[in-house]
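Number of protein chains: 2
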Amino acid sequence: MPNYTAPLDDMLFLFEKLRDNKNYNELEKYNEVNSDLVKDILGEAAKISENLILPLALSGDENPAQLENGVVRTPPGYKEAYSKYIEDGWISLSCDPKYGGQGMPKTVSAFFDEMLSSASLSFKLYSELTIGAYNCLLRHAPEEMKDKYLPKMVEGKWSGTMCLTEPVCGTDLGMLKTKAVEQKDGTFKISGQKIFITSGDHDLTENIIHLVIARASDSPPGTKGISLFLVPKYIVNDDGSIGPRNGVSTGSVEHKMGIKGSATCVLNFDEAVGYMIGPKNKGLNQMFTMMNLERIVVGIQGLGISEIAYQNSLSYAKERKQGKTNNSKSTNGADFIIEHADIRKSLLNMKSIIEGERALCFWLSQQTEVSLYHSDENIKQEASDYVSLMTPVVKSLFTDLAMEITSDAMQIHGGYGFTKDQGIEQLYRDNRITPIYEGTNSVQAADLVFRKLINKNGDIITKFLKMIKSECESKNENVKTFSKEINYYIDILSKFTDWIKEKHTNDKDDVSAAANDYLKTLGFVSLAYSWIKVLEVSYKEHETNKKFYDDKINTAKFFFQKILPRAEFHYKSAISGSSNIMNFKFN
Amino acid sequence: MPNYTAPLDDMLFLFEKLRDNKNYNELEKYNEVNSDLVKDILGEAAKISENLILPLALSGDENPAQLENGVVRTPPGYKEAYSKYIEDGWISLSCDPKYGGQGMPKTVSAFFDEMLSSASLSFKLYSELTIGAYNCLLRHAPEEMKDKYLPKMVEGKWSGTMCLTEPVCGTDLGMLKTKAVEQKDGTFKISGQKIFITSGDHDLTENIIHLVIARASDSPPGTKGISLFLVPKYIVNDDGSIGPRNGVSTGSVEHKMGIKGSATCVLNFDEAVGYMIGPKNKGLNQMFTMMNLERIVVGIQGLGISEIAYQNSLSYAKERKQGKTNNSKSTNGADFIIEHADIRKSLLNMKSIIEGERALCFWLSQQTEVSLYHSDENIKQEASDYVSLMTPVVKSLFTDLAMEITSDAMQIHGGYGFTKDQGIEQLYRDNRITPIYEGTNSVQAADLVFRKLINKNGDIITKFLKMIKSECESKNENVKTFSKEINYYIDILSKFTDWIKEKHTNDKDDVSAAANDYLKTLGFVSLAYSWIKVLEVSYKEHETNKKFYDDKINTAKFFFQKILPRAEFHYKSAISGSSNIMNFKFN
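Residue numbers (the numbering used here), protein chains in the order written: chain E, 3 to 589; chain F, 3 to 589.
FYI, nobody ran anything at the bench for these hints, they're computed from the structure. Hints are not guaranteed to be accurate.
Copies of the same chain look alike in the list, so a pair counts if it fits in one copy or across any two.
To be verified - Cross-link-like lysine to aspartate or glutamate pairs, in silico, DMTMM-like; alpha carbons within 25 Å at most:
1) Lys331 <-> Glu504
2) Lys323 <-> Glu168
3) Lys587 <-> Glu545
4) Lys549 <-> Asp42
5) Lys497 <-> Glu570
6) Lys86 <-> Asp205
7) Lys179 <-> Asp423
I would like the entire structure built from these sequences, with the hints used as guidance.
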């Protein structure tokens, strides 16, 4: 089983030193969320992740969630751990105090998301979708619905799901077939089949609150006729007590390559009672509130799994002796593999990606809070646009790079990486869902190039590029070397952006074919931007903590020398266009 | 379960049209191996792969090989299939007729290796190591040993293994601890533990012939004291009959992420009777005869798994409807995903890599035969040097790209790619061993930059670059466009090579850190070189089969536009050197 120690130093560094975001600091509601408090919270979060949740990873992999006589059983240990988890209030960390939450900002809860993902993604998913459903209800449900359902969800006694996918529609939700027939009392009867429903059923909570998209009888076809419904597993009585079982049953639990502890269900709705959330036919927009926040969390899952893969690779590399290095001083026997250049390179590849991602994610958490709570509408909108722009990038880039990192971790472990003993192969399998769910990474890329670069508020990408270019202009001589380097790639990204915009008008297939490459280029430049912010602090405060800041500076160097150049290949490959691709005649 | 149809058209195209290799055509022993014969053989090979072996893939994954009361049981169906397989003489395809083989060249048997890898890698491994052991014995064993063991191995009644790895040594065999104590009768008693032994024990054959490296009592430490021994599971009597059980037992069978049908064993040798093969203390060289051929086959495994992943992605993309394309004519519902630009790009990415690899592999098979059998020592040596140069490239590049291809296949399948139903995730898991075994891909890269570029016969890489540059000079105007493109990358590769050579003398760590990048650059250029050869034929013979050759030309275009540019990133990333990497202080 892999070991894990939450990277508290790095998290606290970001919280303390990268918080000079004026807009974020203007949010009065977080005035009291200071470093001392955050340090305490993250310390406790680390303990629960390391001690309570980490051991569940292996249990879940060896004893997958399964359907027994119509009931889904979670793996051994999950129930006890979940009880403790909600008892200590962890589900409520980022929730509104009005419903019993602790009201912590994403700048704190995102770190906890990362820790949980490192410890056991399967276990995490049981509460993650509750938060997703909570966020959706908080924004779109009528007050009485919120009052009825949210407190129990925040408490963790009830969990949540998002029911979108059907056998014929995953990416393309306009094709959905689930029907909602309105009843005289204003409720609906929901019928249809939903698949790939994470935590669709399980034995951890008293009730499950399904958020289901369906088409009302008199709604138009396509995406414009989709409404969102709340469908509880058990009907909730007016007094809040649990009533009779609703018409939802579990058809099967998927057998998957990874995250086996998580119950991925086929759910059959058979005239189940449902309550419409928000305005009719606006269900897809409402669901996207949930989806967008959730997509960022999926990116964080990739980051968390990368972190534990890195930690275990590092410790294995320090223990395993094999081969002599080029400058070996050993006279008999081999050197530790951490002395070998290519192993060191792999480790730094992981580390520089992980720390860059964590910094980018922290910036994104700040923007998210500003987008939700700033009093100035313009500032709020700008932040919202940045979040919207970076959501597909974080989701796709972090999860793809997590595959690279877990794969490199296997290579470092050699044959021991491929066998079950060390648990490395499980990280690789568990992470493999992240580039698929919540919209495949190609769907994210299409979302980026077709909907996010330019929207009704204007040319978001140009604003973003201008902003990072200006923030990367440093007065510090040391940082200037890096600024020069990032400017080279910002220029490439600008050219790439212009190319995309031009193709928007005259060849959309060129844009589609280039979408993944564009996302990667924007992603690597964004990571470099985060590193510049880290470097700025590292040089400025170098004297106060030399060891820590030297580590940062040299990790950044690696990123700029070895990783950032990838951006250019993506540009070059993409601008050759798509005519050959579109004209190709497949056999 | 994935479907599979052997790509006979492409294989026969290579055999018929890319065989204008003067040196290869001078090999008299293959005079009679003409297109008609090869067509018949490959046709039968396709049948057995598609009908007999393909169904074993799922069986092996669901019922892993396991140890029961000291005996290893193969998955259901393996025994019956294996009997049929050897009855029809498939093991003997490439073996010497002197020992009962069919004497087919690698230009034929490599295609069969590919088909078997597509159908079931786990099943294939049970005979693959027999051929490895056969090759090693053929070259290094005394005549009486060959007469005693080879006929039964060629027949498939006895199988073979290669026992190298021990708990403390995988890459670094000089550290091995297995001991060989000479007896009065000239035999040895072998004691020690070997791990990760593929097909180390199983129930398919009457006997298993282990080739074991061990250190004789009076041999020096390190790699110079390693000798090679033949250690049968059952002692073979002088009359060839099976005698008593030898002192080899199976400690355990590994639980692995993939190739679960293959028994990966811990073998304990306890004063087992062993017979020395070839000269004492030269065991590592002898084993490397086997290893090098085996490494090429591992590359072919990657190719085979890529092919079946591609075929199933293509057919799924033609069946699955999701979303509208940019130029959709569909008025209701979605388009087939094969109409989407990014899916088409993924498919062409697979196809252009696969067909380029197959062509490169065919060239390598020709070189291998020339290196073994040409009458002119200089020609033989040159071919041998090319094989030696390209072995790590084919092993690493093909297996890494097979991960990319099986991963893209999962993405095309979406959620269905991650569940067990379609068998796509199994391809991904099965292939994941290929970048690890027979020396990790980083070990291959180190072998390339430190031992293969320049050897005692001179500057092999310069000779190779000169050769491909001259062969890429085309008189055909159409091909010239591609030649110009490859020349740009050959120049980059030359600069990269010069950089590596310079660093050899003044900073070996720079070479180590750049090794994987260099391998990739050489690999992509070599694939482009293969494509140029294919293009030469395609334009020349275009009129004879327009559909086939248009397909080739457009696939080549994709490779040159979208994939070859990767070579440049690797160069740029690598030449930033290793000082930051080597000086980094890991926590």
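Structure-based check of all given hints:
In the homo-oligomer, the alpha carbons of lysine 331 and glutamate 504 lie at most 25 Å apart only across protomers (23 Å), although the nearest pairing inside one protomer, at 59 Å, exceeds that limit. In the homo-oligomer, the alpha carbons of lysine 323 and glutamate 168 lie at most 25 Å apart only across protomers (13 Å), although the nearest pairing inside one protomer, at 51 Å, exceeds that limit. For the identical chains of this complex, lysine 587 and glutamate 545 are inter-copy neighbours only, at 18 Å across copies versus 63 Å inside a copy, given an alpha-carbon limit of 25 Å. Proximity of lysine 549 and aspartate 42 under a CA criterion of 25 Å is satisfied intra-copy only: 24 Å inside one chain copy versus 69 Å between copies.
With identical chains, the CA atoms of lysine 497 and glutamate 570 are at most 25 Å apart both within one copy (11 Å) and between copies (19 Å). Only within a single protomer do lysine 86 and aspartate 205 lie at most 25 Å apart by alpha-carbon distance; the minimum there is 15 Å, versus 49 Å between protomers. For a Cα distance limit of 25 Å, the shortest separation of lysine 179 from aspartate 423 across copies, 23 Å, qualifies, whereas the shortest one inside one copy, 45 Å, does not.
Checked against the numbered hints given earlier, this structure breaks none of them.
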